[in-house]
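Going line by line, the protein sequences match chains F and B.
Each residue of the first sequence is one higher than the one before, starting from 1175 at the first, in the numbering used here.
Each residue of the second sequence is one higher than the one before, starting from -10 at the first, in the numbering used here.
Any given hint could turn out to be false.
To be verified - One side of the interface only, derived from the structure: several residues of chain B facing chain F at Cβ under 7 Å:
no.	residue
1	Tyr(-6)
2	Gly(-4)
3	Ala17
What the hints assert, rightly or not - Which bits of chain F does chain B cover? Going by a derived footprint, with three or more residues having C-beta under 8 Å, they are:
no.	segment
4	1350 to 1361
5	1389 to 1396
Derived by calculation from the structure, the hints in this document are not laboratory data.
The C-beta atom is built at its ideal place from N, Cα and C for all residues, glycine as well.
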Amino acid sequence: MRLRSSSFFVFVILATSSPAHQLTIAAPCTGKQIVFPSLALCLPTRPRLFCANQTHLTYIVKMVPTIASRCATSPCQPINAAIRRRYVSSGALGGGFSKHNLAFFAARHWTKHADDPTAVSSSQQSERRRRRRIQDEVDEDELPYADMFHQQISPNASKWLRSHPSPSVVLARAFFSSDAFAPERTILSLGPNSGPSQAMSDSSFNIGETHLLWTVTVKSPLEMILTWELESLGRLKGAT
Amino acid sequence: MRRVYQGNALDRVPQWAVPLIPLHERYAEYLLQGLVSEIEFAALKSGAT
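So that you can see chain B by itself, here it is in the shape it has in the complex (with noise of 0.2 Å):
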């Protein structure tokens, strides 16, 4: 495992939520990056090499 994925499904978006959709984008992006660096963290704390 190299990598780590997130994903988002909605059933519709309302119209207007639609141009908030690149700003969810982004939002879910840095969610991930908050996921990769605890991620990254307890792993060092647990001392893997």
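So here's chain F without its partners, still in its complex pose (with noise of 0.2 Å):
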């Protein structure tokens, strides 16, 4: 299928309730359409109508043949929730893992929530208006320092990771029981502000929570973000 560039179009998805299960996706300005198979048992049962453009387009046909394959080789019931619940993060930095982001998130977290850390994992729509806001009011060179790294996994630990109802908080035993924080980890266990460090491994990683320095501030199933603060340095804030 072939689209314009920087035009807009509205599709219709449609689950359809025939026998063959197949998932209709039409641009009604183009009048094309793609057929997708057994995928209807995976949507909402009722038409809904999207407005997107062609990244949002891009990015539906990607995730497509994803999920068709997963429920191909297992029950779609249960893996309705969850497959969306793993590739829409609900968290602070729904925009994408960026440097950019993170620096948005610490920035609101530090102007605005500074008194209550739990504050950030309120509804998704007051953030979205409080993201919205601060982006405005923001000054883009008076953002906080960020780095961002990321690193390929195998294809084995992914499938791993994702066989867990939360990864991020695999993701985080990992971190803070790594032999590479190891060394960070005995130095930190001894100052009079540490938290429990014991038992790290079994840990949930519960909102408020603290390990060592840091203080759980925002979870979901894909992203998990700690603070931390020390009055020693003078009040210096960080977020991992």
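Relying on the hints, combine the two individually framed chains into one complex.
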């Protein structure tokens, strides 16, 4: 299917109840249709109207084979909510894992939620409103320091992570219990303000829980943000 | 999920710490490598194929 760039389309995503369980994505303005079999059980049963640009459609089309392959290998019913949870972050970096989004999160968190570290996890709608407001108010030059690194993992590890209901918890446990972090963990556990460091491999990392100097501030299936504050260094604050 | 991300934010970087930023970044990458190794090992141990 060929699309014109920088133009908007209206798509009807219709999950039929036919025996073939087909999903039809139709672009009324072009009259073209894409039919995906064996997918309807994984999607809402009522027709829905979406307004999407080319990026959105590309994303939808890329995701469909992934979802369809999952449906082909296991029952769709239990996958329904889980798939959407895994691929759509409901955390603070909804716009994506980037240095820029982390800097905006930190600016928002430290200016608006200094008194209540758990306030960031309130409803997503109010969160989006706050994000827009902060983006209007915060000068890009005044954003806090932020960095972001990423590393590819093997398909086996990826598959193993996906098998957990909350991969972010698994990642947080792995981070705190890794050999690379061991020296820092030992040093920090000696500090007077350090939280409990024992049994970290079993921790559920619930919001508000403290681990060494870090407090869990944001938790979603794919995302976890822990914040810390050091009075001894002139009230220095950070997020990981 | 094909990539694991790890990031850090700091409300302000003290003047004396500015030269240490490259060192911090290398350390952060080292920690990320440790995290990934831990995940790979756990996946291997669990028998994920």
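Verification of the supplied hints:
1. Tyr(-6): Constraint on B/Tyr(-6) satisfied, holds at 4 Å.
2. Gly(-4): 4 Å, holds
3. Ala17: The hint holds - B/Ala17 has a Cβ within 7 Å of chain F, the shortest such distance being about 6 Å.
4. 1350 to 1361: With 5 residues close enough to chain B, the hint holds.
5. 1389 to 1396: Three-residue rule not met by the segment 1389 to 1396 of chain F, so violated; n is 1.
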